[in-house]
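**Student:** Residue numbers (my numbering), protein chains in the order written: chain H, 1 to 111; chain V, 1 to 115.
Keep in mind the hints are simulated off the structure, nothing from the lab.
Among the hints, erroneous ones may be present.
[To be verified] Heads up, simulated BS3-like pairs for lysine-lysine below, C-alpha to C-alpha not over 25 Å straight-line:
#1 Lys-2/H / Lys-67/H
#2 Lys-42/H / Lys-9/V
#3 Lys-42/H / Lys-57/V
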Amino acid sequence: QKEVEQDPGPLSVPEGAIVSLNCTYSNSAFQYFMWYRQYSRKGPELLMYTYSSGNKEDGRFTAQVDKSSKYISLFIRDSQPSDSATYLCAMTLNRDDKIIFGKGTRLHILP
Amino acid sequence: DSGVTQTPKHLITATGQRVTLRCSPRSGDLSVYWYQQSLDQGLQFLIHYYNGEERAKGNILERFSAQQFPDLHSELNLSSLELGDSALYFCASSVLAGGLADTQYFGPGTRLTVL
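With the hints as extra help, turn the sequences into a complete structure.
**Tutor:** Printed below as a string of structure tokens:
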């Protein structure tokens with residue numbers, strides 16, 4: 001079983017829709033959870049970062065962590081064509097540990 | 001623009017060869033991280049340097065090595081290259097010594113193709 005599982009997509013949704021991106025993980029000791037956005041031919045950039053369980057909201061983005069189910073989600077409201085990118089989930093045991101990434105989900109927002 | 005620079009952008013070489021990838025961190029950042037991204041494995045952490053010293057190793061092959069110089073730039077050396085080494089190699093930098101991703105800024109990457 002891989003440490004972090006993420007559906008590669010592609011996921012295509014119409015502009016304005018709510019997008020739900022998800023990851024599952026196997027190591028219950030993970031405490032820090034992150035979502036990165038990566039545009040084509042660019043490096044990843046951090047979108048959201050949460051510690052332990054719960055929700056975190058930042059503008060149109062909401063990150064959710066359910067540690068009991070070992071499941072994390074990223075919701076994008078009012079999706080825009082500029083949101084078209086690959087979204088990678090990532091997690092780590094503690095602040096100083098290496099980061100484990102999912103393989104990413106390709107998202108297309110259709111105008 | 002993250003402020004992290006990587007050279008070259010593209011590199012095409014043959015199996016068995018050796019290449020060097022270069023990274024300049026953001027001004028003031030002391031940590032440099034190297035990652036490999038391939039379709040098969042996704043984004044994988046290779047190695048972390050802080051202020052010239054190795055801090056952590058990830059899934060880095062013995063054929064690969066890295067160093068961070070006094071001016072804080074870093075080089076990743078890949079030798080005895082194999083077809084499977086073809087990938088995007090990213091460098092990231094941060095101010096702190098810790099590995100938490102909220103402090104890391106990624107460069108644009110070097111695309112390595114081994115023929």
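**Student:** Each hint: holds or not?
**Tutor:** Structure-based check of each hint:
Simply put, Lys-2/H and Lys-67/H have alpha-carbon atoms about 17 Å apart, close enough for the 25 Å limit, and the pair holds. Simply put, Lys-42/H and Lys-9/V have alpha-carbon atoms about 11 Å apart, close enough for the 25 Å limit, and the pair holds. A distance of roughly 24 Å separates the Cα atoms of Lys-42/H and Lys-57/V; the hinted pair therefore holds under the 25 Å criterion.
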